Structure formats: structure tokens, C-alpha cells
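Heads up: the protein sequence lines correspond to chains A and B, in order. Sequential numbering of the first sequence, starting at 112, is according to the working numbering. Sequential numbering of the second sequence, starting at -17, is according to the working numbering.
Keep in mind that the hints are not guaranteed to be accurate.
Unchecked claim - Ranges of calculated distance between the beta carbons of each label pair, as one might list FRET restraints:
1) A:Lys170 x B:Glu50: 24 to 34 Å
2) B:Glu10 x A:Thr206: 17 to 27 Å
3) B:Gln(-1) x A:Asp169: 42 to 52 Å
4) A:Val154 x B:Gly79: 12 to 22 Å
5) B:Thr20 x A:Lys170: 27 to 37 Å
6) B:Ala35 x A:Ala188: 37 to 47 Å
7) B:Thr82 x A:Pro118: 25 to 35 Å
8) A:Val154 x B:Leu42: 19 to 29 Å
9) A:Tyr140 x B:Pro52: 36 to 46 Å
10) B:Glu38 x A:Ala221: 22 to 32 Å
To be verified - Cut-off 20 Å, straight-line C-alpha distance, at most; resulting in silico cross-link-like pairs (SDA-like, lysine to any residue):
11) A:Lys137 x B:Leu42
12) A:Lys208 x B:Ser40
13) A:Lys218 x B:Gln23
14) A:Lys137 x B:Ser9
15) A:Lys137 x B:Leu37
Unchecked claim - Per the computed footprint, the stretches of chain A lying under chain B, defined by three or more beta-carbons under 8 Å from a beta-carbon of chain B, are:
16) 119 to 125
17) 182 to 192
18) 212 to 221
Calculated from the structure, these hints are not laboratory results. Just so we're clear, the structure is a prediction, and the values are computed from it rather than from any experiment. For every residue, glycine included, the Cβ atom is placed at its ideal position computed from N, Cα and C.
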Amino acid sequence: QQPVQSPQAVILREGEDAVINCSSSKALYSVHWYRQKHGEAPVFLMILLKGGEQKGHDKISASFNEKKQQSSLYLTASQLSYSGTYFCGTEEVGTYKYIFGTGTRLKVLA
Amino acid sequence: DTGVSQDPRHKITKRGQNVTFRCDPISEHNRLYWYRQTLGQGPEFLTYFQNEAQLEKSRLLSDRFSAERPKGSFSTLEIQRTEQGDSAMYLCASTLGLNTEAFFGQGTRLTVV
């Protein structure tokens, strides 16, 4: 079963913040975040390896709660270029599966 | 290395025909994944290779689908007796190992008419 993301869709004005959540029912080695624009392949944003780890670059950061198998992606001061669909990717403990979440469509308006 | 490449980029086929797609991963990557993606959905896991060994295969994959990675380098995905429901984008991704970034190819868009 794929990880569930919330919200399914969000519309922002430039400069606003957003949080995207990813929740898995499986124990995870890691959580990865990707952004995909229409008609293009997913592009890697970041990977989180440890429970409670938080990473970030520029105005995008993320956290991973290993015990709850949950991760959140934080987008601050959003830019038009942030528009796209965001997916979490998860590597499940005990399998070789690399599973993607249900996706969150984000639209940033000028 | 120019990244992960897939061929062809687009394929239109008649229902019932067989199709084969190719994926060339980044050369030093020993892990290779195939996914299927339909409009508005996330990539759906199909299968995983570690070097030449196929170690994981989705239960969603019918026996019309088969994949190979004969020398641990490029991989092929074959769909036999295609159905209209097979129409989708087929993505290939490769990684260096566990807990590393996945690099995606541009995908092969299959249309079954």
C-alpha cells in the first residue's frame, strides 16, 4: 500500500508557506521527496535517513519521524517555480520496494 | 554520464501487439526500478533489479509483463498482448544503493489504440 499524502492539492499565492505530509503504514529506511512538473520526470529534492532528522536547502525543508513513519515537507516563501506535484518516496524495511506516495498538487499563483 | 535514458520516448501500438522498452541507467548504479504512471497518479512500482537479479516484482504486474537486465547494465521491459489499460508513462530510475537519490529517465509514453 502506497504512502498517503495530505493535502491532495493546495493553491498558494507567491510568498505563502505550505506543508505537505506523507504517512506510511510500513517501517521505512528513509523518505525521499520529489517534485514533478507536467510531462516531466520526477526531480529529487532531498532524502531523510534518521528518525527526527530535519534537512533543508534554500526555502524547502523536511522532517522525518521514523517511529511514526511520517514525513513532512515545508515550503516557505513559495515561488512560482514551486508549482508541480510533490511525491514522497519510501524505501520499506525488509523489501526492495521503492514506493511513491499518492502525491500533492501544488499551484503557486502570482 | 548523461543520466538515465529511455527509448523510445513515445510508442503507439495496436491492441494485442507486443512492445519492448529500453532503459540505460547511470553506469555505476547497480539498482534499477521500473514504474508505471498514469495521469494524475504517482509512479506505481513495477519491478526492481539489483545488478542482473530481479529481486522484487509487484503483484500488480500481470504475467504479460516481463523485465530483464541481462548484464546488470541496461534493462528492458516487455509487454505482451497489449491492452488499452496499459496506456501510461513507463519510467525507469536508477540508484547507487540503499538510501540514495533516484535518478529518473524521461520515460516512455505508451498509447494502445
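inquiry  = Checking one constraint from the list: CA of A:Lys137 to CA of B:Leu37, max 20 Å. Satisfied?
reply    = 19 Å, holds
message = So is the segment 182 to 192 of chain A in contact with chain B by the C-beta rule, three or more residues under 8 Å, or is the coverage claim wrong?
response = Coverage by chain B is violated here, the residue count being 0 at a Cβ distance below 8 Å.
task = Would you mind confirming whether the straight-line C-alpha gap from A:Lys137 to B:Leu42 stays at or under 20 Å?
result = Within the cut-off at roughly 18 Å; holds.
task = Please work out if A:Lys218 and B:Gln23 have their alpha carbons no farther apart than 20 Å.
result = 16 Å, holds
key: Outcome, coverage hint (the segment 212 to 221 of chain A, chain B; C-beta under 8 Å; three residues)   = holds (count 3)
request  = Verify the coverage statement for the segment 119 to 125 of chain A against chain B, using a C-beta to C-beta distance below 8 Å and requiring 3 or more qualifying residues.
outcome  = violated (count 0)
ask   = Is it true that A:Val154 and B:Leu42 lie within 19 to 29 Å of each other by Cβ?
value = Given a distance of about 25 Å, which is inside 19 to 29 Å, the answer is holds.
inquiry  = Check whether the Cα positions of A:Lys137 and B:Ser9 lie no farther apart than 20 Å.
reply    = Answer violated: A:Lys137 to B:Ser9 is near 31 Å, above 20 Å.
message = Against the 20 Å threshold, does the CA-CA distance of A:Lys208 and B:Ser40 hold or violate the hint?
response = 9 Å, holds
query = Could one say that the CB atoms of B:Thr20 and A:Lys170 fall in the range 27 to 37 Å?
reply = With a Cβ separation near 31 Å, B:Thr20 and A:Lys170 satisfy 27 to 37 Å, so the hint holds.
ask   = Lying within 37 to 47 Å: is that true of the beta-carbon distance B:Ala35 to A:Ala188?
value = Holds, since B:Ala35 and A:Ala188 (Cβ atoms, about 46 Å apart) stay within the stated range.
ask   = Does the Cβ-Cβ separation between B:Thr82 and A:Pro118 fall within 25 to 35 Å?
value = 29 Å, holds
The structure shown violates the earlier hints numbered 1, 9, 10, 14, 16, 17.
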